[in-house]
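Protein chains: 2
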Amino acid sequence: MAAAHEPEVIRDKAAMRAWSRRRRAEGKAVAFVPTMGFLHDGHLSLISTAVAAAAGPVAVVVSIYVNPSQFAPTEDLATYPSDFAGDLRKLAATGAVAAVFCPPDLYVRGGAGAGESGGAVSCLEDAGGHAHETWIRVEQLEKGLCGSSRPVFFRGVATVVAKLFNIVEPDIAVFGKKDYQQWRVICRMVRDLDFAIEIIGSEIVREADGLAMSSRNVHLSCEEREKIVEQESLTPVVRIDRPAVICVAAWFGKVRLIDNIEIQAPS
Amino acid sequence: MAAAHEPEVIRDKAAMRAWSRRRRAEGKAVAFVPTMGFLHDGHLSLISTAVAAAAGPVAVVVSIYVNPSQFAPTEDLATYPSDFAGDLRKLAATGAVAAVFCPPDLYVRGGAGAGESGGAVSCLEDAGGHAHETWIRVEQLEKGLCGSSRPVFFRGVATVVAKLFNIVEPDIAVFGKKDYQQWRVICRMVRDLDFAIEIIGSEIVREADGLAMSSRNVHLSCEEREKIVEQESLTPVVRIDRPAVICVAAWFGKVRLIDNIEIQAPS
Chain A
1 MAAAHEPEVI RDKAAMRAWS RRRRAEGKAV AFVPTMGFLH DGHLSLISTA VAAAAGPVAV
61 VVSIYVNPSQ FAPTEDLATY PSDFAGDLRK LAATGAVAAV FCPPDLYVRG GAGAGESGGA
121 VSCLEDAGGH AHETWIRVEQ LEKGLCGSSR PVFFRGVATV VAKLFNIVEP DIAVFGKKDY
181 QQWRVICRMV RDLDFAIEII GSEIVREADG LAMSSRNVHL SCEEREKIVE QESLTPVVRI
241 DRPAVICVAA WFGKVRLIDN IEIQAPS
Chain B
268 MAAAHEPEVI RDKAAMRAWS RRRRAEGKAV AFVPTMGFLH DGHLSLISTA VAAAAGPVAV
328 VVSIYVNPSQ FAPTEDLATY PSDFAGDLRK LAATGAVAAV FCPPDLYVRG GAGAGESGGA
388 VSCLEDAGGH AHETWIRVEQ LEKGLCGSSR PVFFRGVATV VAKLFNIVEP DIAVFGKKDY
448 QQWRVICRMV RDLDFAIEII GSEIVREADG LAMSSRNVHL SCEEREKIVE QESLTPVVRI
508 DRPAVICVAA WFGKVRLIDN IEIQAPS
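So the sequence lines, in the order shown, correspond to chains A and B. Going by this note's numbering, the residue at position 78 of the first sequence is 78; the numbering climbs one at a time, nothing skipped. Adding 267 to a residue's 1-based position in the second sequence gives its number in this note's numbering.
In isolation and in its complexed conformation, chain A is listed as follows (with noise of 0.2 Å):
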């Protein structure tokens, strides 16, 4: 962690493949930290634990993009939170980063858009037989939890995370455990699909009242904060493994959050 360095903004593919490249034949492992950009101490935490799970010289790349293919039409794609100066001054003040992967769009789109109406199940959803095609399902972990209320969810992630592997073509990549079932799903993707990529699961950050950092707390107002930080209000919704982790999600007004506690089996 060095003073503040201004990371490489890198917007075309091959440019970003290229660069990646360039690094590990000059001898570092790239480490990547995919976001969905609107950025917080979550996030910058991230960065950290990319750069110590690194043993040697490492070069951290962070993605932001705005994955159309995770969100349901009736979801928030529109209204998602984004300040990407703000991000860029963040990312630079880290002083750890560096290049800022940030592509216009990563999905091929047909010819006529099914637009809002149709059946589409996700916001990418195109007619037209050239358009994007190819989706990856992990299909027992997207089940359960998230997967239920968010059917497209899991099915967007594994893809575009899968499409960012290969375009970043990193060593290591670091995932969030506040998306605890997406962790599990990137995880269990990257072992059965044999990506060369050692998967990091980084502690989730909390604010001062206890609330888990979450680019959409921004929408939550004074008073719905109050009430998540309600211990009544964590209602657990299903047990998984041993050791086990206790899994939440609520929607506060037309904001949905997600947050968890592992708990350890007792020794």
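The hints are simulated quantities; they were obtained by calculation from the structure and are not laboratory data. Certain hints may be false.
[To be verified] Quick partial rundown of chain A residues pointing at chain B, CB under 8 Å, derived from the structure: (1) E133; (2) T134; (3) W135; (4) K163; (5) C187; (6) L193.
Think of the CB as a built atom: it goes at the ideal place given N, C-alpha and C, for glycine as much as any other residue.
Add chain B to chain A, keeping to what the hints say.
Here is chain B on its own, set in the frame of chain A:
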């Protein structure tokens, strides 16, 4: 194409990836020819295509792996022909193959196997929460032609090819156009998931009597062979694209064979 050259036989995934990375560090392109073994001149022509496709120095990798996930339980996985020693001799005789990748198994299996019973949709199906569960679907292209009679086939092909791509990390991969729909599915997957791999479609190689070469031809009697090559048996199933391609699939006894003819649009 030099004199006979014994290819290196690699069985381990990590060793395969390390081998490819060394070749690339030496300035060579890695060209990949995936097969299910029992090699014939059609396969060997893929190797020539791979060598010709590389602009400079190239290291050719041939994989031999009978992929269980693309066979339904009712299909011919158990009787799929194999001749590993013969395959190695043929590959050595080309003088053009640097490595042969033949892994023992590429899938994580669960605890209690579902075996031949139950609701298994492919020969891979396992019970147990730890088993392979990540599948790639190319949703439009997989549906027509062979996809309608073999519903798990392209899911299994796309998934194993993605796994092999992530293990071998080739710059170029060659697929025979005899398996025309498979070639198109792979091209679409590579585009949609941003694999950094150039896919080459290699022309069909035929026997002297006109039969498209296939490992399954060994199961045909002389009498059956004569039937196949009768023009009347080449029933066009469907046309796709322009220029068009006529695809045919036919059962002869217990042997399912496919063929196709590309037709250029009139100029």
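Hints versus structure:
1. E133: holds, 5 Å
2. T134: holds, 4 Å
3. W135: For W135(A), the interface hint holds, since the closest Cβ of chain B sits about 5 Å away, which is under 8 Å.
4. K163: holds, 5 Å
5. C187: violated, 11 Å
6. L193: holds, 5 Å
Violated hint: 5 only; the structure is consistent with all others.
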